[in-house]
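Enquirer: Starting from the given sequences, assemble the full structure and let the hints guide the process.
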Amino acid sequence: MLGKNRKSEILHIAQIEGTIRVEDLARRFGVAEQTIRRDLAQLSDTGQLERVHGGAVVSSGAGNLDYVQRRSRNTEGKARIGRECAGSIPNGATVFINIGTTTEAVAHELLAHKDLLVVTNSLNTANILAVNPDIEIVVAGGSLRRTDGGLLGNLTTQVVDLFKFDHSIISCAGIDADLDLLDFDFQEVRATKSIIRQSKSTFVVADSSKMLRSAPGRIGNLADTDILFTDAPLPDGMMQKARELGTSINVAQP
Numbered sequence: 001m002l003g004k005n006r007k008s009e010i011l012h013i014a015q016i017e018g019t020i021r022v023e024d025l026a027r028r029f030g031v032a033e034q035t036i037r038r039d040l041a042q043l044s045d046t047g048q049l050e051r052v053h054g055g056a057v058v059s060s061g062a063g064n065l066d067y068v069q070r071r072s073r074n075t076e077g078k079a080r081i082g083r084e085c086a087g088s089i090p091n092g093a094t095v096f097i098n099i100g101t102t103t104e105a106v107a108h109e110l111l112a113h114k115d116l117l118v119v120t121n122s123l124n125t126a127n128i129l130a131v132n133p134d135i136e137i138v139v140a141g142g143s144l145r146r147t148d149g150g151l152l153g154n155l156t157t158q159v160v161d162l163f164k165f166d167h168s169i170i171s172c173a174g175i176d177a178d179l180d181l182l183d184f185d186f187q188e189v190r191a192t193k194s195i196i197r198q199s200k201s202t203f204v205v206a207d208s209s210k211m212l213r214s215a216p217g218r219i220g221n222l223a224d225t226d227i228l229f230t231d232a233p234l235p236d237g238m239m240q241k242a243r244e245l246g247t248s249i250n251v252a253q254p
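Residues in the sequence shown are numbered from 1 upward in steps of one, following the working numbering.
Accuracy of the hints is not assured; some may be wrong.
[Unchecked claim] Calculated cross-link-like contacts (lysine-lysine; reagent style BS3-like; alpha-carbon spacing at most 27 Å):
id	residue 1	residue 2
1	LYS114	LYS164
2	LYS193	LYS241
3	LYS241	LYS200
4	LYS200	LYS164
5	LYS241	LYS114
6	LYS164	LYS193
[Said to hold, decoys possible] Now the in silico label distances, taken between C-beta atoms and shown as ranges:
id	residue 1	residue 2	range
7	ARG146	ASP45	50 to 60 Å
8	LEU162	GLY30	50 to 60 Å
9	SER214	ASN127	24 to 34 Å
10	GLU136	GLY30	53 to 63 Å
11	GLN240	ARG218	40 to 50 Å
12	ARG218	ILE13	50 to 60 Å
Simulated from the structure, these hints should not be mistaken for laboratory data. Quick caveat: nothing in here was measured; it's all calculated off a predicted structure. Using N, Cα and C, we set each Cβ at its ideal position, and we do this for glycine too.
Expert: Right, dumping it as structure tokens:
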């Protein structure tokens, strides 16, 4: 395959799978790992990919990927995360679930639960859970973000502050090398800070494409949470940092 065609295919794979690894691509295309590294460097130079340890992710650019793109990426990995996280939520709990395609995957896996009270600022999550009459749903109102059905603003945080949650399930746009949780929308950052503050325990759900990904808004640090559910081992530096912070990492296995 010509280099130009290979780079186009690499970009397509990244858009579907989220995170791509040098060794996997080298095996897939039957070329040397150095050739793949050169391809990734060129795609990074043009702003189409962001290099991460051992591979690359789709570039965040000036903003987040749109909802349709995010929903179609790494669906199998998100489903595994959803199963693992939902398995840690007991029946009868009060839970907050925030906006995100991975948190929506958790919502799907909660459909067999009973006697839950779920508060959410995601219309998509509310609609997913609505089919189970054993789950009471409270929608935290706010201004509608039409791109993904999220509700944000002062009204959202006012509703959050009315509750004390047994567990919160939160997603984010990225987790950097310092294990800071990051997002693009500052209203979402503010809402998520309130959610963490009102929760006895906080579960972060983030697939491998979120690792070492940058965004301008800081929600907090993994040290402020209890468990990170993800679908692949963290890069070595992040894993060591998590051990130092005492944060549990749950890697959902295939």
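Enquirer: Provide an ascending list of the numbers of those earlier hints which the structure does not satisfy.
Expert: Result: hints 5, 7, 11 and 12 break, sorted rising.
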